[in-house]
Structures are given as structure tokens and as C-alpha cells.
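Enquirer: Residue numbers (our numbering), protein chains in the order written: chain V, 1 to 609; chain F, 1001 to 1544.
Relax, there's no trap hidden among the hints.
Examples of chain V residues lying across from chain F (beta carbon under 10 Å, computed):
(1) VAL387
(2) THR417
(3) ASP428
(4) ALA474
Cut-off 30 Å, straight-line C-alpha distance, at most; resulting in silico cross-link-like pairs (DSS-like, lysine-lysine):
(5) V:LYS137 x F:LYS1238
(6) F:LYS1188 x V:LYS384
(7) V:LYS187 x F:LYS1264
(8) F:LYS1464 x V:LYS421
(9) F:LYS1189 x V:LYS486
(10) V:LYS506 x F:LYS1239
(11) F:LYS1217 x V:LYS384
(12) F:LYS1244 x V:LYS384
(13) V:LYS384 x F:LYS1189
(14) V:LYS384 x F:LYS1239
(15) F:LYS1244 x V:LYS137
(16) V:LYS384 x F:LYS1234
(17) F:LYS1234 x V:LYS137
(18) F:LYS1238 x V:LYS506
(19) V:LYS187 x F:LYS1216
(20) V:LYS486 x F:LYS1244
(21) F:LYS1481 x V:LYS464
(22) F:LYS1264 x V:LYS421
Hints were generated in silico from the structure; no laboratory data involved.
Quick reminder that beta carbons are idealized off the backbone N, C-alpha and C, glycines included.
Next come the chains, spelled out residue by residue.
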Amino acid sequence: MERVIGIDLGTTNSCVAIVEDGVPTVIPNRGGYKTTPSMVAITEAGKRLVGHIAKRQAITNAENTVYAAKRLIGRKFSSSQVKHATLSASYRIVEGPHGDVRIQLRDKTYSVPEISAMVLQEMKLFAEDYLSEPVTKAVITVPAYFNDGQRQATKDAGQIAGLDVIRIVNEPTAAALAYGFERNVEKTIAVFDLGGGTFDISILEIGAGGVFKVIATAGDTFLGGEDFDARIIDWLVQGFRDQTGVDLRQDRMALQRLKDAAEKAKCELSGVRETEINLPFIISSGRNEALHLQRTLTRDAMESLSGDLVERCVEICRQTLEDARIEREEIEDVILVGGMTRMPRVQEAVRQFFGREPCKGVHPDEVVALGAAVQGAALVDESKQMVLLDVTPHALGIMTYGSNFEELIPMNTTVPTSRSKIFTTSRDNQTAVKILVMQGESAQAEGNELLGEFVLTGLRRAPKGQVEIEVTFAIDSDGIVSVGAKDLETGQQQSIQVTASSGLTKEEVGAMMEAAKEYLVERRSNDEFEGVKQEAEKVIVDIEKMFPKVQAIVQSSDFGRDAIEKARAILERCRDAIARKDLTALRGQMDSLARTHRMFKGVIARPQG
Amino acid sequence: MMRVPRPVPGCDIKSLPLRPDEAYLLSRIDGVVSERELSLITGLSQAEVTTALDRLFVLGAVDFNEPTAPVSRRAHPSVAPSSGAASTRGTEGPSSRTFEGGFRAGPSSRRFEGTVDAPPASRRSFEPLADLPPPTRRSIELSAERRSGPDTGGDAPPATRRAIDLTVEQPRIVDPELEEPVDLDHAKKKRVLELYDALDERNHYELLGVSIDADKKQIKSAYWVLAPEFHPDKYFRKKLGTYKQRIEAIFDRLTLAHDVLTSKQRRAEYDAYLEQTRRNRTMAALLEHDPMDIPAVVAAAEDVPGSGPPTSPGRLVGAKLASTPIRRTPPDVAGASPPPTTPPSPATDPFRRFDATRNEARRLQLDRYVLAAKVALERRDLAAAANAYRLAVALTPEDEALARKAIEIQQQAAAELAEGFLRQAEYEASQGRWSEAAMSFANVCKTRGDDPRPHERVAFCTLKTGQNNRRAIDFARRAVKLAPGVGEYRLTLARAYMAAGLETSARVEMERAAELSPNDARIREAIAQLRAQMKKPDGADPEK
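For reference, chain V alone in the conformation it holds in the complex (with noise of 0.2 Å):
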């Protein structure tokens, strides 16, 4: 059977796992690290960066280097969001030609998902050299409160990536899956996600024989450890500027290093009480002088910075519980998931609200990857018992007169699930209408997301009024909205899928989905030469620490100078290959460096005569 993978996408690191002999396990990378920081640079050479060493030339290079681009993915570029990312970015955010955000590195503009699925491509590497085996199949995870185009721009960074997304998890729900996995217990969970971009919260009920029920689900998708250390970057930029005048917001490579120190201090003072931020030479005055950035932040004063982002994750707790009619004792377990959920105050705020201690069995930052892993088993694998029962995280409805929204599908309603209404026409002899397919909250249509619209055609002429248009809205397990809308009397029907735009159309993705391959080839190609040069180059060094020795027993006969200009020859053509980078002519001399190596350490431990 197809092994599947569960991809932790994340704001700011990511993590892949599988199941393996029934156990979930948590791969590791080249580096041996269990998570990957989502960052993508582009060199001045032109290469690209992913993962860690991205992250570690992030602050020489920090326009060309890409962070927290799940903040940004699916987005529009007029969005609020993204016009206040592209302030405080330190990477170039431009328009692309839907409306959408691009990037801008170096010379060339990339899509979101495209950068995702650099990160992704790089996840599917560190799978496939751990199984040795190549890996298609993926179950990815997304913010439960991501709407549907935000899903479908992570599928499409998928398969952009060369993955077959076979199902598109909500975070929270798949920490739940892990949780709960084969521990056959019986319990109303909270699972209380706060990650790096985005906050979660999700109750859930674990049934018998493996039933996960997600009864409600809410959050914010701009929410997260991002927001944490902008409070500190902010602090630090306010202070610095009282302190000198000068702003260092206008230096994007100052900026970067105030961000790696936030985050760094963020992460200590859940262990510490207070940290010192030192970034010596930080900015020059303008008069050729360097000043040097050196401040105490203690937690206290960290709590007090973002006391009220802590008090929006429990607001949004409380709407949920509310919304879901339950009883904050009913919750019989909390589970916390993401970086965030480390820091004491948040910790004690989880405690605070729901009454006891959070469970302390999963790891905040493998148990997503864990679960999706445990989905993808689930799904492929019929033996298994497991079976998740998720709801639609937004409602979803058409526009109607007046902009007005008609709600067909409430939120938090279990998917598989469908519903119907009828409506008529509003002109004589109207022979089409126009639907248009709406998912959100608000009761205006243009507080929404538009999904898409679709025409039926061939109505019968009547006057307005009288032609009734049943509509019918059905979600499948795979969240995917079809609409049907059927002339009630002559039985004329017709449906679409309704996929969301992602912003990028279908002609796009695939020309991506091919120069990711080729990347990946070249890729491979690169890792093979960097393998065997690496080999080439150790014999190389080897023969040549010999060479002096051995030509002086050899010199003697004929044959040996021979032997021993042969050996130059091959020396120099692995040197040229080497140069050249040319794989096929260094493997074609490897055969030829072994023999003359294995000739050469002979010679050496013959008795010398």
C-alpha cells in the first residue's frame, strides 16, 4: 500500500510524519532537526534556500528571504491582512494579475502557494530519504478557520510541490487524531492551537471504535506567534527611536535581526524571567557612526505587551463554547498545540478558563504532523479504525436580493452534509440566473468570500415569480462544495464543484508544478554530483598525500613512471570533471581513482626492497 505523509504546514516552522508499523513517528531532517523553519531565500548566485539554512542567512539577505508566507497564502492583495503584512515585512509583497499577493525575489515574482510548495518540496525530500522510497500522497494541514480558498491555494502549493493532497485537515482536529489515536478512550476535548500565525480552537468529541466528532471549531487566522514578537520588534523600534532618533524600520536588514531577537527572547522567557536583547551595530546614524541596540525585556513586562492578544484567545474560547452550547465543565481534557502555547501566560490563561491543567502528553510542535499522518493511514488503510467527523469551519450560502446573504449551510455543521432552498426568479421571462456561491458569517454578501457563481440557463419563460429554483448545497468529506440549482417544474438542472479561487489559475499551477520538477531534477542531479565529488574528492586526497612515496619506489622501473603518469591523468580529468560539474565524466573516472588508489596504498606496504 502507498505510504501517505501528514505535512505540518506552518507559519513558522513545519513538520512531517508518518505512520509507520502503526506507529505515527515524526521524520526528521537532513539536519536531524524534527521541525523546518517555512523559510525559502533565493541567493545572490540565483540558489535556493529552504528550511534552516534559509533561516540562518535570513538576516545578511533578509530582502530575498521569505517568512511566514502562510500568512499571506489565498489571500487578496487588497486584503487588510496582506497591506499590513507588506508594512512589516521585510521582503517585497507585490500584486499579481488575479488580485493575488506575489513575492518579489531578486529578479523574478513568485506565487504564495509556489514559495509553500518550496517548503513542502523540501518536507517531501526529507520523507523520501527517510523511507528511501519515493512519496507521493500527502495530507496537509491548514488552519481549522481558514476559509476555502486559503485550502484550495495549500492544495495547490501540493501539487505544485509534486504531492497528491489527498485530504486537507484542520490543525486542531489533527492534534486531536494524534491524541487520540489507539488510546481508545471516551472524552470531550478542547484543543487550544496557538501557533505561529494563527490561533485555533476546537472542541471534539472522541467516541467509541475511533470516532473523532468535531462539535465546533473557531479562531483567527491572524492570530499567532508572529503577532507576539511584533509587539516586542515595536517595543524595541519605540525605544530605540527615543533613545537615538533614528527609526529602524527604515532598515530592512536591521528589521530582520530585531525580529530574530524577538523571537529569540519570546521563546527564553517562557524559561526565564527576564533576557537581555544585545544587536550591536544595528544601524549606522548617518554619521558614519555605528549604535548598538542593548535592552532587558523581563516576562512581566512581555505579558504586558501582549496581555490582550492572550485575551482574544480566550474571548474567542469562550464565543465557541457559547456558540457550541457547552459547559466549560464538559471539557474533560485540553490539549495545547503550537509554539505559542509554551509561554506561561498563555498557559495559565488555558487554565484559568477551562479549569484545569492542560494535558501534557503531546508535543506542541509534532502532534499536527502526527495527526495528519494518522488521517492519511486512515484513509488509504481500510483496517483501520479510525473515522473523523469534522464540520465547516464558515457557513456557506448565496447572495440574494439586495446583496443580502442566504445562509444554506450554518457553521459547524458535520460535513458530509447537504442542504437545500428554493428560490424564484425576479424578472419576467428570466430564462438564466446567476448564482453566487458566498461562504461567511456576516449577513451583508460582501462581508463574505465569493467562492464562485455559475449560471442556469434554459429556464422556462414565466413571469418573475414564478419559475422556482430549487438550490442545493452539498460539502463532502473532502470539504468541497458542489451546488446544484434545478428549474423545479421542467426538472432542468445543473451543478458545479465549486472550487475556491486560490488565485491562481489552473494554467499557472501546472507550469509551476513543471518547474518545480525541474528544479527537483537539477536538484537531484546536484545532490548525486555533490555525493560523488565528495568521494572523488577524499581518494583524490588521499592518493595525492601518497603520490611523493610512492613515486620514489617506483621511479626505478619503466613501468612505474608509467604508472605514475597514468595516475596524473586521472587525477586531472576527476579535477576537470569536478570543475565542470560534469557527473557523468566524474563517474566515469571513479573505477579508475579506485584502482589507482588501491594500486598506491600497495605499493606503500610492500616491504620496501
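Fit chain F to the known structure of chain V by using the hints.
Expert: Just chain F now, with coordinates in the frame of chain V:
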């Protein structure tokens, strides 16, 4: 529907106020054919058969076979096909061949509550708004069911089979639905088809296979078992064809049942609703009783003096009183009547004897009716009381006091029924089941012709269904006529006009509504909406 009626032995059919279609139906009932098959055999629609059966049941002419011993809920889904087969080996006949035996809550709930989702039984006299789903899909299904008979063992007793109409013996029909090439085995297909077709007919308890008094834990366990079975993820990337939609629909309903029954408040509302629907149904069935039938009942009773006391009146009330201790009363009274009739004394004048017997029988019967009425009244069973009084009045039309009493009780019963329909309607409206709510409100209007509120509600709910704007206008107009000074009613009327595209009338109504309640935000909003619509007539549905 899957219940299996059987004739009540000893029931004197001739004494019942039957209509020809009911009598025809009764003649086909043999305790083996199921309700659905009856529909096929008689050519009556499913709804007609249901209505007629309910009436026959209330009249005491038929009873329903109890489901086989309940299958353990937990074991149920996995063993479904075999449990179905097992019950076939019993004596039950076609209906029990389906797995539904295990699903049934219990005999009592089956009888009344089974049709929660169908219109009330009183369709003939209380106007229906919407029709039941067309029976076409069902009839295909029926053939599937029958065809599957031999597959599961073919052990239906041949004798009873022959007793059914010849349709049953027709050559096998190849069911296109079962033949559909999908990645499901035959048993699974059957289970999906059967459950899918039964969705409309089952209440939440029946669907989950739990008893009506099941606790939250039992309901949840039932759901935990059933939900995964019908969750499409269990068939991930399998070819499901048309089954996908069916499986999803089943899952959707299971989830609704779970969600309603596990919420204390929603369950209480639902239970009250079930109880209300049941009461309304029986009550309507009793009251609907055509008074013209009553002399026929009496005549029937008089025509057969020698055949012992007619069983019908006792049954009539008895059916209603079933399982209460009082039930014993009418038979006891009846038990007194045989002595004068049974001893044959061939020596006396046959005519005089006949007259005496007839009067005696009549008197006894009258007493029985009046007693039954009083007993019913004590139990606050107005419908039964009204019925008994009506029968009594038919026997002695000259007794004015009795006639007045009968009318009084009849009115009280009607008022109670209206109250019941009102509660039913309010629940339906609260659940967004607009067409049902509209129908129930219309039933309220039957009795409360001068109450504007239910009329307005009919209009409101009808508007919500988006169907039959004419009717909405009609009822809204009546409401406005009854209470011209209420802005809200005018607003509803205006909305009805708007829905029908009568913008000028809508505007007039709206302005009047605004005059009456100038501070009503809804009215202002509606006016704004109307203006938008008039300005841009194609609004959200522009012509392409």
C-alpha cells in the same frame, strides 16, 4: 413504510365506517405484505396507504406485526445482513427481511411516530400544502426488495405469497440500482438503499435504533457505531457512483438525529413534538370521521342482531384506550348483551323477538357509548369522547341534551386539536421545516378561522418555503383582514406580494405597515430592500 399490518381476528368489518378504498386495502391485508407492498398491490399511493392504514388501525380493524426481538444495537451494523436473514427465517414475511427489525424502537413508537416526517393522517380534511415525494423512486426500491427475497434464502412461505396479489409473483426485475457497478458489495448496497429509502419515515430514535427512553450514552454509542459505517471516508477514493450521495444523506440524517437527541433542550422539544404529532394524528383521524358514516354504523349493528354484539364501538374507543385498564369496561358492558340474543327460542314470534332484541341492543349500545364518552372525558381524551357522543347521538337523534353535549365536546376537541397543531407548527417552524409548519398552521386556521395570527404564520412559513406565493398572499390577506391594525401582518403580506413580483401592491402594504408601526426596524429594512429590488429588478439573479 415498513410496518406489516394484519387483520384483527373477530373484527366485524361491516360495522366499520369504511370507505371503499379502505375496504379494498383491508381485503389485501394478510399479515404478510408490508405497507409498501400494499401500495404496489393496490395501486394507491404510499401516502394514501399510510393514511388508510392509520385509520384502519384506529378503527381496530388492523394491527401491526411487532418487530422481531430487537437486535443488539452494538452488534447491529456489522451483523446487519445476517440479522436480516435471521428474522426472515422467522414467521414475519417480507418486511422483516430488511434489517430494519433491529432499528425499530419498539411497537408503540412504531405505530404512531413512524410518520413524523409525513403529513398528518388527516390529509383528506386538512389541506395539504406539499405533496409527498413522488413514489417512483420507492417503487423501484420495492422491486429491489422483493428480488432480494430469494437471495437471502427464499424462505418466504409460499402459501402466503400466493395470497398476495400477482404482482409479487412477477418475474424478477433487474434493479438498476443494485446492479450499478460500484466498489461496494451486494449486502452493503442493499443496506444503503434500504436505509436511504427509510430516511423520511423514521424518527430520530428509530434511525439510531434506540428506544425512546434511551439515555445520552446509549444514543451516543449507537451513533459511534453507525456514523463511521456511513461516513464517506470509509470508502475513500472508491467508486461509489450514485451511492455517494445516498451514503452522505444517511450520514447527514444520523448526525442530525444524534445532535438533536444529545442536546437536552433539543431532545425535549423533539419529544414533545413527536408526542404532539402522534396526538394530533390520532385525534384528527377520530374527528375526521364523517358523521354521515355513523347511521351506517348503527344500521350495520342492527342488521346483524344474531351475530352477537357489534365489536366496532368498543374497538373504536378501545383502540384509543388500548393498554389502559379502562379498556376492560366496554367489553364488560358488552358481555351483558349476549343473554337476550343468544338463547334461541324458536317458539316465539320472530318479529317481536327481533324488535325487542333490536331495541335492547340499541339501548345497550347507547349506554356503552355514553359510558365510553364519560370515561374518555375523565381521561381528558376529548377526541374519543366527542366520537362516542356523536355515535350516541346518531342512535337517539331526538335526545337534544345529548346532542348539545356532543356539539360542546366536539368543539372542545377541535379547540384542543388546534392547540396541538399550533405546538406542532411552532416546533416545525423553529426547526426550519417550513412547509410542514405551514401545513400545521393551516390546520390551526381550520378551527380558528377568526384568529389572524395562525393565518399570518401560514403566509410567513409558506414564504419561507419559497413555494406557492399565491397561497402566502391568500393567507396574509386573511390575516390583514382579520386584524387590519397590525403592522407585522401587513409586512408579511407585503413580503408575499414582493415574492410574487407584485411590487406596487407590496409598496402600498409596506407603507401602511410603516404607518402602523413606524419604529419597526424590520419594516424599514424591508422597504429598503424593496426599493433596491425595484431599482435593479434583476438584483442577485441577473439575466444572462
